[in-house]
Amino acid sequence: MTALSRRAPAEDGIATPEFEAAHERQKRWRGFLMALPAYAYLLLFFAVPLGIVVVYSFGTRTRFGTTELSGWNLESYEKLGRDLVQQVLFRSIWLALLTTVICLVIAYPFAYYMATRSARVRNLMLVFVMIPFWTNFLVRNYAWYVILGTDGPFSRVAEFLGFGPTRLLFTQSAVVMGLVYGFLPFMILPLYAAIERIDGRLLEASRDLGATGYQSFRRVLLPLSMPGVIAGSILVFIPSLGAYVTPDILGGAKTTLLGSYIVTQFLSARDFPFGAALSTVLMALMLAATIVYFRRGGRTL
Amino acid sequence: MSTSAGITEPRGWFRRVLQANAWLVYAFFYLPIVLLVIYSFSDNRNVGVWGGATLDWYREFANDEPIKTALGNSLKIAAASTTVSVVLGTMAALALERYKFRGRGFFDALLYLPVIIPDVTMAVMMLLFFAEAAKILGFSRGFSTITLSHIAFSISFVSIVVRARLAGTDEKLEEAAMDLYASRWQAFRYVTLPTIMPGVLGGGLLALTLSLDDVVITQFVTGGGWNTLPVYVFGLIRKGVTPLINAVSVVMLVASTVLVGLSLLAQRIRGGEPV
Amino acid sequence: MPTTSRNLGRHRARWLLLLAVLALLASACGSDDDNGDAGGGNGGETASGCEVGETDGDLALYNWAEYIDPEHLDAFAAEFGISATMTTYESNETMLPTITAGNAGYDVIVPSDYMVGIMIDGGFIQKLDFDAIPNASNLSDDFRNPSYDPTQEYSLPYQWGYTGLAVNTAEVGTDFPRSWDVVFGDFANDYAGKITLLNDPRETLGAALKALGYSLNTTDQDELNQARDLVGAAKGNLLAFNTDSSDELLTSGESVIAHVYSGDAFTQFLETDDPSQYVFFVPEEGGTRWVDNMAIPFDAPHPCTAHTFINWLYDADQGAALSNWNYYGTPNKASIDLLDEELNEFLTSPDVLVGGPDSVESIADTGDFETNYADAFTEAKG
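In the order they appear, the protein sequences are chains A, B and C.
Residues in the first sequence are numbered from 41 upward in steps of one, following this note's numbering.
Residues in the second sequence are numbered from 1048 upward in steps of one, following this note's numbering.
Residues in the third sequence are numbered from 2 upward in steps of one, following this note's numbering.
Don't read these hints as lab results, they were simulated from the structure.
Backbone N, C-alpha and C define an ideal beta-carbon position, used for all residues, glycine too.
Mixed in with the good hints there might be a few duds.
With a Cα cut of at most 30 Å, we get these calculated BS3-like pairs of lysine-lysine [as the list claims (entries may be wrong)]:
id, chain 1, residue 1, chain 2, residue 2
1, A, Lys67, B, Lys1115
2, B, Lys1182, C, Lys334
3, B, Lys1123, B, Lys1286
4, B, Lys1115, C, Lys334
5, B, Lys1115, B, Lys1219
6, B, Lys1147, A, Lys67
7, B, Lys1123, B, Lys1219
8, C, Lys334, A, Lys119
9, B, Lys1286, C, Lys236
10, B, Lys1286, B, Lys1182
11, C, Lys334, C, Lys128
Label-pair distances were calculated between CB atoms; the ranges are [stated by the list, open to error]:
id, chain 1, residue 1, chain 2, residue 2, range
12, C, Thr349, A, Leu138, 48 to 58 Å
13, A, Glu115, C, Asp182, 32 to 42 Å
14, A, Gly111, C, Thr152, 25 to 35 Å
15, C, Asp318, B, Gly1098, 32 to 42 Å
16, A, Leu201, C, Pro71, 40 to 50 Å
17, C, Asp70, B, Thr1130, 47 to 57 Å
18, C, Asp318, A, Leu138, 56 to 66 Å
19, C, Asp57, B, Leu1102, 35 to 45 Å
Some residues of chain A that are not near chain B, with every Cβ distance over 10 Å (derived) [claimed, not checked]:
id, residue
20, Gln126
21, Gln127
22, Leu137
23, Leu249
Can you build the whole structure from these sequences, using the hints too?
Below you can see the structure in the form of structure tokens.
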């Protein structure tokens, strides 16, 4: 390193090409240093373990349910082509999409409203969104059990309104509702973070220039809040795709979803290679989709 | 705190719609919580059947050493993993949004993986990893392995939320501050940090929640004598949901609310300015 | 950009890549070793050579939740001047990997029958030193030399029970067949949407296999397919596949017929205003008798404490205290007379085991065929 690069640019103040280059270099170095702790952490405590899983996906299940790693093969990947796997996959994607869209529709106006309030109220609103989630998630799921059961408040209200007793428990609707409940904060947080920083004057300007409320939302607010929409959708879609406790509890485990299918492979079947192969492919697809989604979202800014 | 004018409150019917939506969202969030709190005082072993008011379940909780230990463990782990992941995750978000550096693309992808990975897969892989590492380093599983695993997934959630906040904010402000002879630290402390604070706060809350809720990963990486509350509750539920579990949840709710309240208060006192 | 900087950067990237690759390689090799251990078995052969009542450190118990009174555990610790801690699990399948990974730090674990077989085969539990467990002579003859541990060298039963059906007679009456037809036959159509089956591949397919007259440990694909179709056909009448709260769903009126574990059903009945309204039985075609066992992991840090704990629980008083707290059956014949009366009545009632003692089987590991069970259950659910 040259002596030049150690000096802060503000001290020099002269924008020579050499200085520009040194500044650039220094900036990269600083960025790298900032990323380093998390980078190193994730390499050691995530990438390396993940490597083990990928290695396992090429192994073979032994008679005892342990994994034989010598003699690499692709058998587990071949199993992915089964009809059963595809059925499970499509059903899960559909449910996860539905959950994401419902969350988005509920969370967007909520986050927008939050952003219009004073700083103190905003923080309070935020904390009050999170408080329910500091109870145990299993206990929350079982609370819904009571609410959605035949004798529960939901059924009572339906009866009162003349629909007759309605048991929502152990239906697909209960599963979607449970997922929406569980993942709504994951949508609200990034949306709020994105909307809160938008300059309100831009919206006012658009209205002053004759845009309707809808136009001003569609052309100004939505594009500016896109990073939040994207981050929120991903934080909701992906975990709902892998969720298994909520579908099992509220849906009565009557259909198999991807999350419980993977759990079955790792636990009941003790077929680590197949579980690992399923996870590896799922993650590769999701990662590709996520990156594409983010890049496209970034460009619309 | 915000450097640009915020969005002004809408008026008329639109405002009422937004308000109604907000109240409905809160009603949705708190309906099961209210029920949970009510039944924690119910004198019937089955949740959902009201048996008259009692404090027995809280008394039982107070005498139940395993549950109290598990609750303490959960709070310790959550506090440690939230603190570390907020710092690392925020730094990562800043680096990715503000700087170009080698390995950025790979890092970007690496940061998404913990969000994408199914719980059980992460659980199995962390177990295999710690088992291998223990052969070389000879540690036993427990507090450290649970906390390390929680940090591994929390960093990503924090950085995603902070990045959503950072994307598109103007870095010229910091440059201006430095032109005005603010040190790099001062520029960060008085310009950048206030700007991204809502993101950091949101990310931190998310990390805390994830840590307090995690069952699957924890039960694979735990070891001799180490139980967290969710793992214990998961086991209890096999024997049926009793109001004892509700009472525990209520205590957990109060404990974490106090924890967050105190940290917000501390921040306000230190920062001299409401966040 | 000056070339020096670019080189520097590239250098760094290469360095990192190298590190990552090295780390990956190291871990991959490590896993190979691990597999060697797993196959060969570290444990198995070592008998501890502990004295009766000897302790070599604190006890770390890895057990199902609410399976022992914490005060009971403390009493053991106090008696021997050590401390005892407990970590809980909720399925055999989550317990197994944590033990096989090694270095889990547990002294005593409580695997179910088929899991004992798996752990013996894999070398994950060690032989017990029966010289250090003189109280093992209290074991009932019924539980000696079980199929999963035929020479009774590795495990001693902890508690036991049946899997069968629980029926709300206020809704169904008392005049129904004591048969699996109640859930798999035409009879079930009258109670559509009021029936639950366990959400467990081996138990539920096992019930269907029994209903068809086969062994619940079959490794015949054709028999398994028939069972799968039977479960698939019954799905239309089901409220849910549920393991954790099937007993509560029954007593809350949400269901009227439930596939349940005997202990869960029994304790749940006692919570209601009128326990006699409910009956539990193992259908005449037979069902599961499950046995949870105490065993010592191959790398248990304190094997002598572990032996002492097992011996202590096989004392007549301690065995009775265990059952009177968790309300499951005791395998300890010296404890039977000390059990609560209602518990003893339930365990010995002839109405419970309709098909007689020979009709019940324990679930055994089926080796490679386990994946077929998992797949069949997924297919049955659709």
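Verification of the hints:
1. This hinted pair does not check out: Lys67/A and Lys1115/B have alpha carbons roughly 49 Å apart, beyond 30 Å.
2. Restraint check for Lys1182/B and Lys334/C: not satisfied, since their Cα atoms lie roughly 43 Å apart, outside the 30 Å limit.
3. For the proposed pair Lys1123/B and Lys1286/B, the alpha carbon gap of about 27 Å is at most 30 Å, so the pair holds.
4. With a C-alpha separation of about 35 Å, the suggested pair Lys1115/B and Lys334/C falls outside the 30 Å cut-off, and the hint is violated.
5. Annotation: proposed proximity of Lys1115/B to Lys1219/B is violated, straight-line Cα distance about 51 Å (limit 30 Å).
6. A hinted pair counts as satisfied when its Cα atoms are at most 30 Å apart, and Lys1147/B with Lys67/A qualifies at roughly 8 Å.
7. Proximity of Lys1123/B to Lys1219/B is assessed by CA-CA distance (about 40 Å); at most 30 Å being required, the pair is judged violated.
8. For the suggested pair Lys334/C and Lys119/A, the alpha carbons sit about 49 Å apart, so the restraint of at most 30 Å is broken.
9. This hinted pair checks out: Lys1286/B and Lys236/C have alpha carbons roughly 25 Å apart, not beyond 30 Å.
10. The hinted pair formed by Lys1286/B and Lys1182/B fails the criterion: a straight-line CA distance of about 36 Å is larger than 30 Å.
11. Using a Cα cut-off of 30 Å, the hinted pair Lys334/C and Lys128/C holds, with the two alpha carbons roughly 23 Å apart.
12. At about 52 Å, the CB distance of Thr349/C to Leu138/A agrees with the hint of 48 to 58 Å.
13. For the hinted restraint 32 to 42 Å between Glu115/A and Asp182/C, the CB-CB distance of approximately 40 Å keeps it satisfied.
14. Evaluation of the 25 to 35 Å hint for Gly111/A and Thr152/C yields a pass: the beta carbon distance comes to about 33 Å.
15. Roughly 34 Å separates the CB atoms of Asp318/C and Gly1098/B, a value that falls within the hinted 32 to 42 Å.
16. Evaluation of the 40 to 50 Å hint for Leu201/A and Pro71/C yields a pass: the beta carbon distance comes to about 48 Å.
17. A hinted range of 47 to 57 Å is violated for the C-beta pair Asp70/C and Thr1130/B, which are about 37 Å apart.
18. For Asp318/C and Leu138/A, the Cβ-Cβ distance of about 58 Å falls inside the hinted range of 56 to 66 Å, so the restraint holds.
19. Under the hint 35 to 45 Å, the C-beta atoms of Asp57/C and Leu1102/B, about 43 Å apart, fit the expected range.
20. Annotated as non-interface, Gln126/A keeps its C-beta farther than 10 Å from every C-beta of chain B; the closest such distance is 18 Å.
21. Every C-beta of chain B lies more than 10 Å from that of Gln127/A, the closest at about 18 Å, which supports listing it as non-interface.
22. The beta carbon of Leu137/A sits about 16 Å from the closest Cβ of chain B, which is more than 10 Å, so the claim that it is off the interface holds.
23. No Cβ of chain B approaches the Cβ of Leu249/A within 10 Å, the least distance being about 17 Å, so the stated non-interface status holds.
Comparing the model with each numbered hint stated earlier shows that hints 1, 2, 4, 5, 7, 8, 10 and 17 do not hold.
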